[in-house]
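*Asks:* All chains should be modelled from the sequences, with the hints used to inform the complete structure.
Residues per chain are reported as follows:
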Amino acid sequence: MWDNINVYFDILHKLLPAGWMTIKILITSALLTYLIAFIAGLGRVSQFSIIRTLTLIYVELFRGTSLLVQMFWIFFALPAFGVEFSAFWAGVLALSLNYGAYASEVVRGSILAIPKTQTEASIALNMTRWQRLKLVILPQAFRIMLPGLGNNSIELLKGTSLVSLITLGDLTYRGLIIQNTNLSYTVPVFILLLILYFIIALPLIILVRRLEASASKGVAKV
Amino acid sequence: MSWNWEFALKVFPEIFNVIWLVIGITFGAYAVALVFGLILTFARRSSFKPLSWTVYGFIEFIRSTPPLVQLFFVYFALPLIGISLNKYVAGILTLGIHYSTYVSEVYRSGIDSIEKGQWEAAKALNFTKSQTWSKVILPQAIPPVIPMLGNYLIVLFKETPLLMAIGVVEFLQKAFLIGADHFKYLEPLTIVGLLFLLLSYPSALLINRLEKWSNQAYGKGSR
Numbered sequence: 001m002w003d004n005i006n007v008y009f010d011i012l013h014k015l016l017p018a019g020w021m022t023i024k025i026l027i028t029s030a031l032l033t034y035l036i037a038f039i040a041g042l043g044r045v046s047q048f049s050i051i052r053t054l055t056l057i058y059v060e061l062f063r064g065t066s067l068l069v070q071m072f073w074i075f076f077a078l079p080a081f082g083v084e085f086s087a088f089w090a091g092v093l094a095l096s097l098n099y100g101a102y103a104s105e106v107v108r109g110s111i112l113a114i115p116k117t118q119t120e121a122s123i124a125l126n127m128t129r130w131q132r133l134k135l136v137i138l139p140q141a142f143r144i145m146l147p148g149l150g151n152n153s154i155e156l157l158k159g160t161s162l163v164s165l166i167t168l169g170d171l172t173y174r175g176l177i178i179q180n181t182n183l184s185y186t187v188p189v190f191i192l193l194l195i196l197y198f199i200i201a202l203p204l205i206i207l208v209r210r211l212e213a214s215a216s217k218g219v220a221k222v
Numbered sequence: 001m002s003w004n005w006e007f008a009l010k011v012f013p014e015i016f017n018v019i020w021l022v023i024g025i026t027f028g029a030y031a032v033a034l035v036f037g038l039i040l041t042f043a044r045r046s047s048f049k050p051l052s053w054t055v056y057g058f059i060e061f062i063r064s065t066p067p068l069v070q071l072f073f074v075y076f077a078l079p080l081i082g083i084s085l086n087k088y089v090a091g092i093l094t095l096g097i098h099y100s101t102y103v104s105e106v107y108r109s110g111i112d113s114i115e116k117g118q119w120e121a122a123k124a125l126n127f128t129k130s131q132t133w134s135k136v137i138l139p140q141a142i143p144p145v146i147p148m149l150g151n152y153l154i155v156l157f158k159e160t161p162l163l164m165a166i167g168v169v170e171f172l173q174k175a176f177l178i179g180a181d182h183f184k185y186l187e188p189l190t191i192v193g194l195l196f197l198l199l200s201y202p203s204a205l206l207i208n209r210l211e212k213w214s215n216q217a218y219g220k221g222s223r
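Sequences listed follow chains A and B, in order.
Counting along the first sequence from 1, when you hit position 152 you're at 152 in the numbering used here, and nothing is skipped either side.
Counting along the second sequence from 1, when you hit position 217 you're at 217 in the numbering used here, and nothing is skipped either side.
Because the hints were derived from the structure by calculation, they are not lab data.
Treat the hints with caution; some may be incorrect.
What the hints assert, rightly or not - EDC-like mimics (lysine to aspartate or glutamate), calculated; alpha carbons at most 20 Å apart, straight line: (1) 158(A) <-> 105(B); (2) 158(B) <-> 155(A); (3) 158(B) <-> 60(A); (4) 135(B) <-> 120(B); (5) 158(A) <-> 14(B); (6) 184(B) <-> 60(B); (7) 24(A) <-> 155(A); (8) 158(B) <-> 105(A); (9) 158(B) <-> 181(B); (10) 212(B) <-> 84(A); (11) 134(A) <-> 120(A); (12) 123(B) <-> 105(B); (13) 184(B) <-> 84(A); (14) 212(B) <-> 105(A).
A quick note: this is a predicted structure, and the numbers were derived from the prediction, not measured.
*Replies:* Printed below as a string of C-alpha cells:
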C-alpha cells in the first residue's frame with residue numbers, strides 16, 4: 001500500500017484541481033456566513049421585539065435541523081416552488097445559513113459579554129444608538145468573538161465536504177470518482193483526502209490558537 | 001407544483017418508521033463518544049510524553065477533517081487492510097470517534113476545574129491513582145459538565161443523515177428514496193426537516209434547563 005509512491009502522486013495530481021473548488025466554496029460561504037452571523041447576531045439584541053423574534057426563529061430553525069437535510073431541501077425541494085439553485089449556490093447557501101446561525105450565537109454572546117456600564121457610559125456621553133454600537137460595543141465585542149468565529153470556519157471547512165452529496169465536484173466528490181474508477185486506489189485516495197483537508201485546516205487552526213492567545217492580551221482585567 | 005397533503009400524509013409513516021434505527025445509531029455513537037472520549041482524556045494527560053503527543057495530534061487531526069471523509073475511509077478503505085465493518089458499525093464508530101474528540105475537551109474542562117487541594121488531599125490520604133480518580137476527581141468533574149455532554153447527544157442525532165452516504169437508510173435517505181420514486185421531493189424532505197426540529201428542539205430546551213439547574217447547583221464559572 002505504501003510501497004508505490006507514484007500512486008500517491010498520480011492521485012494527488014487528479015485531486016488538486018478539485019481542491020480549488022473546495023477552497024472556492026469555503027471562501028464564498030465563509031463571507032456569507034459572517035455577513036449572516038452579524039445581521040442575525042445584532043438582530044437578536046435588537047430593540048424591536050419583532051426583529052428579535054424573527055432572528056430567533058431563523059437561528060433555532062437552522063440549528064434544530066441537520067445541515068445535510070437543509071442542503072437537500074434547498075437543492076431538491078425548493079425547485080417545487082420554482083426556485084432553482086445550481087449545486088454550487090445551493091451548497092453555499094445551505095452552508096452559510098447553517099453556520100451563520102451558529103456564528104450568530106457567537107456574535108450575540110460577545111455583545112452581551114460587554115459590561116452594561118459601557119452602554120450606560122455611552123448614553124451618558126449622549127451617543128446615538130448607532131455610535132454606541134459602532135464606537136463602543138462592537139470594537140470590544142469583536143476581539144471576544146474572533147476565536148469563536150475562527151473555530152466556526154474550521155467547522156465550515158468540514159461542512160463543505162457535504163456538497164459532494166449534491167454532486168458538486170469538490171475534493172470529496174473527486175476522491176469518490178477516483179476511487180470508483182480504480183478500486184485499488186481506495187486506501188491512498190482517502191488517506192490523501194484526509195491529509196489535504198487537514199492541510200487546508202492548518203492555517204485556520206494556527207489562526208485560532210493565535211486569536212485565543214491574543215484575545216486577552218492588552219485588555220485590562222475587570 | 002406545490003405542497004400535496006395527501007402525499008405528505010401517505011409518506012409520513014414510512015419516514016417516521018425508521019426512527020428506531022436513527023435513535024439506535026445516535027445512542028450507539030454517543031456511547032462510543034463518551035467512553036472513547038474519556039480514554040482520550042486520560043491518554044492526553046499521560047506523563048508518558050510520546051503517548052500524550054500522539055493523542056494530541058490524533059485529536060487535532062480528527063477534529064479538523066470532515067466526518068464524511070472519515071466515514072468513507074472507515075467503510076471503504078479499512079476493509080482493504082483487513083478490517084471489515086458493516087455499514088451500521090462503521091457509521092456508529094465514525095460518528096462516535098469523531099465526536100469523542102469534542103467530548104474529551106468537555107471532560108478536560110471538568111477535570112481542570114477541580115481545585116489542586118483535592119489532588120493534594122487525596123495524596124495525603126494515601127489514595128492510589130485509581131482511587132483518586134474514581135472516588136475524588138471524576139465524581140466532582142463529571143456532574144457539572146453533564147449539560148455540555150447532553151448537547152453532544154443532540155449534535156450526534158443531527159449528524160445521522162451523513163450515514164446516507166454509505167447506504168444507511170435513515171430519515172434523509174428514506175425521504176430521498178421516496179422522493180426519487182415519485183419524483184416529488186418537497187413533501188418527504190420537509191417532513192424530515194420537521195422531524196429533526198420536533199425531536200431536537202425540545203431536547204435542547206430540556207438541556208438548557210438542566211444547564212441552569214446545574215449552574216445553580218455547582219456555581220457558574222467555577223473553572
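*Asks:* All the hints need checking, so say for each whether the structure fits it.
*Replies:* How the hints compare with the structure:
no.	hint	result
1	158(A) <-> 105(B)	holds, 19 Å
2	158(B) <-> 155(A)	holds, 15 Å
3	158(B) <-> 60(A)	holds, 13 Å
4	135(B) <-> 120(B)	holds, 14 Å
5	158(A) <-> 14(B)	violated, 31 Å
6	184(B) <-> 60(B)	violated, 41 Å
7	24(A) <-> 155(A)	holds, 16 Å
8	158(B) <-> 105(A)	holds, 18 Å
9	158(B) <-> 181(B)	violated, 25 Å
10	212(B) <-> 84(A)	violated, 43 Å
11	134(A) <-> 120(A)	holds, 15 Å
12	123(B) <-> 105(B)	violated, 25 Å
13	184(B) <-> 84(A)	holds, 15 Å
14	212(B) <-> 105(A)	holds, 18 Å
Hints 5, 6, 9, 10, 12 from the earlier list are contradicted by this structure; the remaining hints agree with it.
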